[in-house]
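S.K.: Given the sequences, and given the hints that come with them, work out the whole structure.
Protein sequence lines, in the order shown, are assigned to chains A and H.
Remember, my numbering sits 128 above the position in the first sequence when you count from 1.
The numbers in my numbering rise by one with no breaks, and the one at position 144 of the second sequence is 124.
No wet-lab data here; the hints were simulated from the structure.
Any given hint could turn out to be false.
Unchecked claim - Here are some chain A residues the structure puts well away from chain H; computed CB gaps all over 10 Å:
#1 Ala137
#2 Leu140
#3 Ala152
#4 Val161
#5 Leu171
#6 Glu185
#7 Leu193
#8 Lys195
#9 Val197
#10 Val200
#11 Ala206
#12 Ala216
#13 Val220
To be verified - Examples of chain A residues lying across from chain H (beta carbon under 10 Å, computed):
#14 Gln143
#15 Leu146
#16 Phe179
#17 Lys190
#18 Ser201
#19 Trp203
As the structure is a prediction and not an experimental result, all values here were calculated from the model.
Note that CB positions come from ideal geometry on N, CA and C, so glycine has one too.
Read off the chains here:
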Amino acid sequence: MITRDNYEAYLLDKQEGLLSEKDAKALERFLDVNKDLKADASLVFDDNIRFGYATEEEFSDKDKLYKPVFTVSKWVKAAAIVLLVVAASYFVLMIWDNNSSEPQIAKTKTEDISIKDQSVKINTINDTVNSEKETVQSSKNTSKPQIAQPLKQIKSEEADLIADNTEINNGNEEVLQQTESEELPSIVVYKQTERIRSDNLVIYKTPETSRLKRIKDKVTEYMNTIRV
Amino acid sequence: MTAREYNIFVRDYSDNAYRFAYTLIKQREHARDIVQDVFMKLWEQRDNINKDKIKSWIFSSVYHKAIDELRKKKNFSAIENIKEVVYNDYSSIKEDLNKYLDCLPAVQKSALLLKDQEGCKYEEISEILHLSMQQVKVYIFRARKQMQQLIQQKDNII
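M.R.: Laid out in structure tokens, this is it:
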């Protein structure tokens, strides 16, 4: 609604060609009623007359307002991308290499366990040999003095720990022979350890188990013979 | 808003923001402080301000800070009253315009400056001054009418 307080806004719109047809008719009716305001309607403002600022000075502290802008050239960007790719490739290769390499720690532990088992078994054999030696010694003291010779050979066997090629000659006298060249110390046995790899599982198959069993069997057989 | 965009706004608007502030309060140091504060606030709130309305935001902030400054100094006449204009017969039209402008209340003065110097649309001016669009047009019409009469008077004298 056009009033005496806002009619200037409609007059300004009319001067600037922004007044709608409907508003133009409403303004005309308003001015017909308020004839003292008709003089304002005839005003035409000069577009060349403009109000200006009281100063032409520039803002002197502009430099304090600027924020630093970091610009990166195309070459620096390219170098950064190449560096990133190289680093990523190295990282991937490192991971892949770690996954594909042998589990050294596990192997060492297996070896340790294997050696420990070996020494336990050897100790067991030693104990057996010692106990048998005592038995032989006691039987030597009683009825069979000729057993002294085999006992020396048992000692030799004891020193070597492993006597793979012991032979038992069962006659009137029990003679134990040993072939010197075929000594099989535990370390040698261990070196013959065969590694079987299947996927990520590493199995160590050691031939010494069967050999020790054979030795043990032979000693047992020998002892049985002595008892007989 | 990036630093680069912010710097462009500083380059494009800081000078006129300073002139606008100075025209309202007529004190250089205070006008500088106002512009400095406004741009610092713009940077702090850069993510919350619509980029398309940065100019309106800057001039609105300057206007309201200038009004606060006038209130602090209890210069209420500059805010509300129209002073009597004393014309000098030998002054130029530009000088007369400035005299007349100084006699207007801050809100009318601002409306005219934003229209004539910044080329703002009425909608933008209403946003900046927190007035209705109709009120802005009324202020501008009255100011131009007075100016027209002033020029006619001078022509008649000469």
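S.K.: So, for every hint listed, does it hold in this structure?
M.R.: Right, here's what the structure says about each hint:
Listed as outside the interface, Ala137/A is inconsistent with that label: its C-beta sits roughly 4 Å from the nearest C-beta of chain H, within the 10 Å cut-off. Look at Leu140/A: its CB is around 4 Å from the nearest CB on chain H, not clear of 10 Å, so calling it non-interface is violated. At roughly 15 Å from the closest C-beta of chain H, the C-beta of Ala152/A stays outside 10 Å, upholding its exclusion from the interface. Listed as a non-interface residue, Val161/A keeps its Cβ farther than 10 Å from every Cβ of chain H; the least gap is roughly 19 Å.
At roughly 6 Å from the closest C-beta of chain H, the C-beta of Leu171/A falls inside 10 Å, breaking its exclusion from the interface. With a least CB separation of 7 Å from chain H, Glu185/A falls inside the 10 Å interface cut-off, contrary to its annotation. At roughly 5 Å, the least C-beta separation between Leu193/A and chain H is not larger than 10 Å, which violates its mark as non-interface. With a least beta-carbon separation of about 4 Å from chain H, Lys195/A fails to lie farther than 10 Å from that chain, contradicting its non-interface assignment.
A Cβ of chain H approaches the Cβ of Val197/A within 10 Å, the least distance being about 5 Å, so the stated non-interface status is violated. For Val200/A, the non-interface assignment is confirmed: its Cβ lies about 13 Å from the closest Cβ of chain H, beyond the 10 Å cut-off. The claim that Ala206/A is not at the interface with chain H holds, since no C-beta of that chain comes within 10 Å of its own (minimum 21 Å). The Cβ of Ala216/A lies farther than 10 Å from every Cβ of chain H, with a closest approach of about 28 Å, so its non-interface assignment holds.
Every CB of chain H is more than 10 Å from the CB of Val220/A (nearest about 34 Å), matching its label as outside the interface. Here the hint on Gln143/A is kept, as its CB sits about 8 Å from the closest CB of chain H, short of 10 Å. Taking 10 Å as the C-beta cut-off, the interface hint given for Leu146/A holds, the closest approach to chain H being about 9 Å. For Phe179/A, the interface hint holds, the least distance from its beta-carbon to any beta-carbon of chain H being 4 Å, beneath 10 Å.
With 10 Å as the threshold, the beta carbon of Lys190/A comes within range of chain H, its nearest partner Cβ sitting at about 5 Å, so the hint holds. Residue-level restraint check for Ser201/A is violated (minimum Cβ-Cβ distance to chain H is 15 Å; threshold 10 Å). Taking 10 Å as the C-beta cut-off, the interface hint given for Trp203/A is violated, the closest approach to chain H being about 20 Å.
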